[in-house]
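Trainee: Sequence:
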Amino acid sequence: MTRIKQATPPDLDAFLDVLSAATARLHARGINQWPPRFAVSKVLPDIQAGRAYVVRDEQGGAVGTAILSEHGDSDFWTPDELAEPAYYVSKIATVDGYSGLGSALLDWCGREAARRGGTLLRLDAWRTNSDLQKYYLAQGFRHVRTVELPHRNSGALFERPARNVTTDAMRDHGLADASPTKVR
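Per the working numbering, the very first residue in the sequence shown carries number 119; after that it's consecutive.
Because the hints were derived from the structure by calculation, they are not lab data. None of these values were measured; they are calculated from a predicted model. Any given hint could be a false lead.
[What the hints assert, rightly or not] With beta-carbon atoms standing in for the labels, derived distance ranges:
1) Pro268 with Leu200: 20 to 30 angstroms
2) Gly258 with Glu202: 26 to 36 angstroms
3) Gln177 with His269: 32 to 42 angstroms
By construction, the Cβ of each residue, glycine as well, lies at the ideal position given by its N, Cα and C atoms.
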């Protein structure tokens, strides 16, 4: 069984390790998404702000990550969209051996967004990762549009309603009753 907790600075290395493991799997499949190792500056501010979450297994090993924020990326979302009560998920990743954990994390983020007053859960995906885009569609997201900017590789925008429900995927991975220790 796994458990989710709000990441704190001592979780930084484990958080980065999960992202690196996910990146290695992508690169092995020829998908040049994400750097081999994220810079501390790309994650630590979210940890310090209380927006980052780490999933740990029974032995305490980090097996999943997510960042859930009320702030969207103005490179991608319009001012009108940014004014809507939406939450944005990013850096969602899992290690091998935890089939279905990604789905459970997305469901958990959607529930947390709804509990915090959000009506939508949004994300941006790598424009060239068609498998990932199909995955998000299968998870109930709708493709909003794709934004192509010369300085960004992401830009396939997705959203789905934020719902305060507990799913089977959340139950299967021990996230059904999980709430963060702090909410900001």
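Trainee: Each hint should be assessed against the structure and marked as holding or not.
Mentor: Structure-based check of all given hints:
| no. | hint | result |
| --- | --- | --- |
| 1 | Pro268 with Leu200: 20 to 30 angstroms | holds, 22 angstroms |
| 2 | Gly258 with Glu202: 26 to 36 angstroms | violated, 18 angstroms |
| 3 | Gln177 with His269: 32 to 42 angstroms | holds, 41 angstroms |
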